[in-house]
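Novice: In case you want the letters, here they are:
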Amino acid sequence: MARVVVDVMPKPEILDPQGKAVLGALPRLGFDLVTDVRQGKRFELQVDGEITDEVLAEIEKVAETLLSNPVIEDFEVHVEEHSVAEVAHEAGRA
Amino acid sequence: MRVGVVTFPGSLDDVDARRAVTIGGNEAVALWHGDDDLRGVDAVVLPGGFSYGDYLRCGAISRFAPVMTSVVDAAGKGMPVLGICNGFQILCESHLLPGALIRNDHRKFVCRDQRLRIERVDTPWTSAYAAGAEVTIVLKNGEGGFVADQPTLDRLEGEGRVVARYLDHNPNGSLRDIAGISNERGNVVGLMPHPEHAVEDLTGPGTDGLGFFTSLVEKAFA
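Protein sequence lines correspond, in order, to chains A and B.
The first sequence maps to residues 3 to 96 in this note's numbering.
The second sequence maps to residues 24 to 245 in this note's numbering.
Among the hints, a few may not be true.
Far from chain A, some chain B residues (derived; all Cβ distances over 12 Å) [stated by the list, open to error]:
no.	residue
1	46
2	79
3	121
4	122
5	166
6	168
Here are the in silico distance ranges between beta carbons for each label pair [as the list claims (entries may be wrong)]:
no.	chain 1	residue 1	chain 2	residue 2	range
7	B	96	A	59	20 to 30 Å
8	B	130	A	31	15 to 25 Å
9	A	52	B	92	31 to 41 Å
If you only want the chain A side, here are some residues facing chain B, beta carbon under 7 Å, derived [claimed, not checked]:
no.	residue
10	23
11	25
12	74
If you are wondering where the hints come from, they were derived from the structure by calculation, not from laboratory data.
Beta carbons: idealized from backbone N, C-alpha and C, even for Gly.
Work out the full structure, taking the sequences as your base and the hints as a guide.
Specialist: So this is what it looks like as structure tokens:
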């Protein structure tokens, strides 16, 4: 079964206090390589039937209308054959 | 005037807002998020709190509550609408006001008596104030940083739509110290500080917030 994934990220010019908080915690834990962190959101949307262009167009609309706020966020839509949760589940069974 | 105050799941300040409406000389009418009937009110207040738990983004889910369809429609026809704190966030998410509110730049919740300058006084919510009046009103928010792109900020300033600005100290990283804005017509006002908590001497820093609730009466009798 295919799922559609929507990734939402704060626009580059928008301050991301959560990302900054994560970045600030890293050196305290001894991780010195990371120079910047931006925190976003990932949505996994399950859809009945095949992922057609119409389905993707509708998901774009969902992302634009509800999942993101275009004033402060950008989004990307892509199709994934297996969700992360499923892969983890399969790995657990193997 | 009959002033509706909407209760969303997670609203905190709806009761205080209704109380402030009454103290301001108007009749408070409780409105429910799931009901698209505005019960014949003359104005609407969207109160503070954490509607829908702030899930997804502050105000993002509330925007699609049945009552908001009626509020957006009435606002378009000129009905006075005041959004306080979470209500301001809902107005931005509803596109009744431009911009957005993001997490405070210092990442901490802020709760303080905040000095403000009231800059736009030709709105139904601020006509009781003198232009440039400096007031102290309670501020409490976690996501109160007002942001918009430069052209939008320039337009807000140019059209005189900044209703209130922070004085002394920018408490949340809001661009250009903006504490409140209005739509072009002035009937829709969004404000991050809480005037409904500054209407009685017994509690809060004073009664400087009362003007937001008495302005409607003055407007009605003007």
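Novice: Confirm or reject each hint.
Specialist: Verification of the supplied hints:
{"no.": "1", "hint": "46", "verdict": "holds, 35 Å"}
{"no.": "2", "hint": "79", "verdict": "violated, 7 Å"}
{"no.": "3", "hint": "121", "verdict": "violated, 8 Å"}
{"no.": "4", "hint": "122", "verdict": "violated, 6 Å"}
{"no.": "5", "hint": "166", "verdict": "violated, 9 Å"}
{"no.": "6", "hint": "168", "verdict": "violated, 7 Å"}
{"no.": "7", "hint": "B:96 x A:59: 20 to 30 Å", "verdict": "holds, 27 Å"}
{"no.": "8", "hint": "B:130 x A:31: 15 to 25 Å", "verdict": "holds, 18 Å"}
{"no.": "9", "hint": "A:52 x B:92: 31 to 41 Å", "verdict": "holds, 33 Å"}
{"no.": "10", "hint": "23", "verdict": "holds, 6 Å"}
{"no.": "11", "hint": "25", "verdict": "violated, 12 Å"}
{"no.": "12", "hint": "74", "verdict": "holds, 5 Å"}
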